[in-house]
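S.K.: Sequence:
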Amino acid sequence: MTRTVDDVDAGSLLRGWRKLRGITQLELALRADSSARHISFIETGRSIPSRSMVLHLADHLDIPVRDRNALLVAAGYAPSYPETALTAPAMTTLRAGLDQLLAAYEPYPALVMDGMYDVVAANKGVRLLLDGVAGHLLRPPMNAMRLTLHPQGLAPRIRNLGEWRGHLLERMERQAALRSSEALRGLYEEVAAYTAPAGGPPAGSDGEGPAFHPYALPLRIEAGGRVLSFISTATTFNTPMDVTVAELAVETFLPADTETAAALQEAG
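Taking the numbering used here, I'd label the letters of the sequence shown as residues 1190 to 1457.
Heads up, some of the hints might be wrong.
[As the list claims (entries may be wrong)] Pairwise CB distance ranges, derived in the manner of DEER restraints:
id	residue 1	residue 2	range
1	Arg1240	Ala1293	37 to 43 Å
2	Glu1378	Ala1221	31 to 37 Å
3	Pro1271	Thr1422	25 to 31 Å
4	Asp1222	Thr1282	36 to 42 Å
5	Thr1276	Thr1422	23 to 29 Å
6	Ser1241	Arg1284	45 to 51 Å
7	Asp1222	Pro1340	51 to 57 Å
8	Thr1384	Arg1240	17 to 23 Å
Derived by calculation from the structure, the hints in this document are not laboratory data.
Every residue gets a Cβ at the ideal spot worked out from N, C-alpha and C, and that includes glycine.
Model the full structure from these sequences, guided by the hints.
M.R.: What follows is the structure, given as structure tokens:
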């Protein structure tokens, strides 16, 4: 759920998104080829925007697909974007494509997450990292943030936990703000409050420092008696027309050194 509620009008929602994006009425008007007066009238309820205007402003405010539906409903229109369960027959081709992508990436780890970082699909490469993780963290829906940062999850084996934790929390905080999501904010507050694992690595870096991998921050984690080093990437769908698809992200972990690549090939 987001912070929007049924009794909030479209103008108030648009004003909230505009302020969240840090732009003025004039700036929005210039971007949307409108006038500051018209934007003001819409935000105060003196003017009722057309359906096309709602979507036009939502586009210029980079409002997520789920919240565009809420905005349309608040303006008195039907939602424009369906929300189809990933298990639905209509998603068969998409699921097959994702499964093919994950399998092709093996033996390197790769997974698919929804908008709450729940894992909806993963390949065999991910299993190598899960040894020793508490069972309650592996039960569906397995949440990637809880799995990584919980003291009974991957955290005790992450050699640069302080740096990686900071990266993940910053990512979550940014997403919660961009999507105006109370649920995501709640998840952020939960995992941010986790205590450091007892007997685990120090809270900061493992001593390698940014110069060791100057192009990106690696995840350095103990697995199978070795320290593996990964660079992660996150991929989303261009111009999604479904809420479910809009919130999916494919996370892949590329070996950051030859030792890690060799270890994964051997394990695979």
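S.K.: Hint by hint, say whether it matches the structure.
M.R.: Here is how each hint holds up against the structure:
Between Arg1240 and Ala1293 the beta carbons are some 41 Å apart, a value that agrees with the proposed interval 37 to 43 Å. Checked against the given bound of 31 to 37 Å, the beta carbons of Glu1378 and Ala1221, roughly 34 Å apart, stay inside it. Between Pro1271 and Thr1422 the CB atoms are about 28 Å apart, so this pair conforms to the stated range of 25 to 31 Å. The beta-carbon spacing between Asp1222 and Thr1282, approximately 37 Å, falls within the hinted interval of 36 to 42 Å.
For the hinted restraint 23 to 29 Å between Thr1276 and Thr1422, the CB-CB distance of approximately 26 Å keeps it satisfied. Distance hint check for Ser1241 and Arg1284: the Cβ-Cβ separation is about 33 Å, which falls outside the suggested range of 45 to 51 Å. Here the CB-CB span from Asp1222 to Pro1340 is close to 53 Å, well matched to the stated 51 to 57 Å. Look at Thr1384 against Arg1240: about 49 Å separates their beta carbons, and that is not inside 17 to 23 Å.
Consistency note: the structure conflicts with the earlier hints numbered 6 and 8.
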